[in-house]
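Student: Okay, here's what each chain looks like letter by letter:
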Amino acid sequence: MSSKNDSEVPRKPKAGVSRRGFIGVAGIGGGVLGAGILEKPALAAPPTGGQLAGPGPVPITLKINGKPQTLTVEPRVTLLDALRNYLDLTGAKRVCDRATCGACTVILNGKSVYSCTVLAIDAQGKDIQTIEGISNDKPHPVSVAFVNNDGQQCGYCTPGFVMAAKAFLDHNPSPTYEDVKEGLCGNLCRCGTYVGVRQAVLEAAKEMKGGRHA
Amino acid sequence: MPDYSWPPMDKRRVIGKPTLRRDGLEKSTGKAKYSSDEKPPGMLFGALLTSPHAHARISSIDTSEAEHMDGVKAVRVITPAGQEVQWEGTEIAAVAAVTEELAQDAVRKIKIQYEVLPHLVREDDLAKAGNRAKAAGEQVTGDPDKAFQEADAVSEGTYGIPVITHCCLESHGNIVQWDGDKVNLWPSTQNVPGIGGSLGKSLEVPIANVHTEMQFIGGGFGSKFDADRWGAEAGRLSKASGGKPVKLFLDRATELQIAGNRPSAFAQIKVAAKSDGTITAWQSTSWATGGMGGGGMPPIPYVFTEIPNKRLNHTAVAINAGGARAWRAPNHPQASFLTCAALEDLAAKLKMDPLVLFTKNADYTARAGVYRAQFQKAAEIMEWSKRWHPRGEGKGPVKQGLGLSLNTWGGGGHASQCRTTINPDGSVVVEICTQDLGTGTRTVISMVAAETLGLPLGAITLRIGNSDYPPDGASGGSTTVGGVSSSTRKSSVNALEKLFASVAPALGVPPDQLVAVDGRIQVKDDPSKSLPWQDACRKLGTGKISEMGENNPRNPGGLMSSGVGGVQMADVSVDTETGIVKMNKFVAVQDCGLIINPRTAESQIHGAVIMGVCGALYEERIMDQQTGKHLNADMEFYKLAGIADIGEIVVHLDIAPEHDKRGVIGLGEPPVIGPIAAISNAVANAIGVRVPHVPLTPDRVLAALEGRNA
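If you read the sequences in order, they're chains G and C.
Just so we're on the same page, the working numbering is the position in the first sequence counted from 1, plus 342.
Just so we're on the same page, the working numbering is the position in the second sequence counted from 1, plus 617.
Quick list of in silico lysine-lysine cross-link-like pairs, BS3-like style, CA-CA up to 25 angstroms:
| no. | chain 1 | residue 1 | chain 2 | residue 2 |
| --- | --- | --- | --- | --- |
| 1 | C | Lys648 | G | Lys405 |
| 2 | C | Lys927 | C | Lys891 |
| 3 | C | Lys648 | G | Lys409 |
| 4 | C | Lys966 | C | Lys1003 |
| 5 | C | Lys656 | G | Lys409 |
| 6 | C | Lys968 | C | Lys887 |
| 7 | C | Lys1256 | G | Lys523 |
| 8 | C | Lys927 | C | Lys966 |
| 9 | G | Lys453 | C | Lys648 |
| 10 | C | Lys650 | G | Lys480 |
| 11 | G | Lys523 | C | Lys1202 |
| 12 | C | Lys648 | G | Lys480 |
| 13 | G | Lys405 | C | Lys656 |
| 14 | G | Lys405 | G | Lys453 |
Hints in this document: simulated from the structure, not taken from any laboratory.
Using the sequences and the hints, build the whole thing.
Tutor: If you want it as structure tokens, here you go:
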């Protein structure tokens, strides 16, 4: 996974990276965060070189699944809450709400991120791909593979897993079984579907080799 | 009475065939709408103010500032001044506002003063429990004193299993709209048919006026049966804001603090045996908590209930922490761990293979033949006899070990009604007010209807999750599959009999000479005389067939059954330098009657084993006595196993005529009972010493290796 010009975007660990390390990155977040949630004006210093937004609702435009969508949200609203509460895109789920479980995974500029820990205003100008956008005329091979291998039970973690798996396969088209275990370690399931998930990702890798899906 | 019995194994065309779950693609494409995804028009967002203290009296509460905020539509005090809160997370006030951000801001504007009171939040050291400990009376069977005196060997140990939470990924909550005298409820529940009654009672609204709808639920595991206080408050907020729907779901911290947990269990256990391994006596002093209500004694000695001499003492400890709820196989995982660990320690003391000791004493159980056969099967898959070694005999810093355990559970089928409708155009609709927890209930109901009507799965339109449909029961105790399969079988047989009556004249035979097979209605033993399903249904003219079927939990027809056994084996590696335990392989052999869908049955066992790995190695509610706080009410320090942590899992479903003839038996609970015991035993076998308390975290493993068990 390459990382250029995106140090402000909290990325998911590819392999073995501690969640704590990740949270450290997330904490750098946006300088504008303070304006929304901190009540003491002294703490809300404007970020260097940036523009001060808020604390009230501001109009923003997000490019979601290829289409620009305009909405008005407070700067503190996360990408996840913008998707769920303002745009009715509810495939991404809010579970831990602090970048641990991966149920909120979306793909931002080609990389999987925890959308609960990205501010909606920071996602402007980036390509946001959600579970609703990966299946077109027919279901995405990753979604199909999760069904074929029964990689889901209650299904609440599943959209996040599917998005994490898609991003993983986009960067690692020919993973081994061990690669899959490392690559999907940023998502948690409570029903215990990992046996099916591991098989599903391997099956999807084979299916996607034909290059029929971007 | 029509013949409802299941078709013979070799005649089944749908039942027993591994079948993909019907709602799989809805879930894996993100289209499935859970109640927490719903947004009925005009919906307001609710937020809760909860207690930061484990024990306190509310001195004053002032909601005026919150009430006057723009966008705030209703504020309610749940726990008024003067009342005490008994655990952190207790609901104190609730707010409804036009955005979630505003609702949370309004909660912060509520001014509240607490008088902090003394608390107890830990029960692991019984000596510190003081007057919070309440002893149950001693239970004695036989003559334990004499048996211990005469024993060839006595093994003693201390064992502990902490409180763990359900940690449902979809938190507890509801959307409630209380409009006039009607209430619309979108819950996250294991109990679609019954939750309306629970909410109606709280709101003093007739049950018939509560309409419930839920298509998907993000986990329950025994914790989601009632509307709860937060459900009732969502209703009251809705009424106070003029009948707008109010969404109130718990945040993650509150979910872990108050939405249910599994009671702990600690015990000092002494077991006596003859030198040949025959167990002669059991003595245990146990204690547990499930919150302010204390905690009951797990059923120990587990499964080996007929040990002739026993002395049992148990103490319930009341602590200031959120209360227990049913947790997948209530009390059984604790009992299995305490018993199987104590017996494995006894085997080690006798220098015996525990497989030999468990098998030898199987006559103390209710199903000796089943367990002996299962131990043999599991041992074969695990290559136990070749790979097992006496405790701690591995070389090098990484030690490998094997462990085993067993389980038992009831099952049966809850009361259930189902309606099967056959329309003149050939379409079939099955309606039942049940819920699919992710166990595969939708798929199972469809398979039973398809099998019965001789149709492919896709021909069945299934409607569930709505209180307008015939009532099923709550999904608890592994009773759902027994209930829904029986009621669906009956309603579908009843509907088919009506269809046969309409079709019989055209085929020139009495109705009882007809069968439905491969999409046709045909004369028994004469496939040349038949009608395609569509043509047969056209004979109905303009009428349709709509027939009910009912499962009676007392099970007069024998379509389902209860009472199962299972055994499990774990293979682990333990790094004695870091204390890290790694799962290599896990084997689960499970007796489960007639399996309708082997595909989802296997997934259920995989899931149960993985949940057990979580409990054995990672999960623990950590309470701080100094502050009274739940330290890990989150998901970064309340640890669950990840995809790389579970090793290989091998499931053996005992599908055989002698089990099949018993009928359908639920599988949700039994396989989750044994993993903690099996893994703890495998670690003891690997490192040569018992780690007394689970989860088997590196610090505990290292402490045990250094002899710091006390």
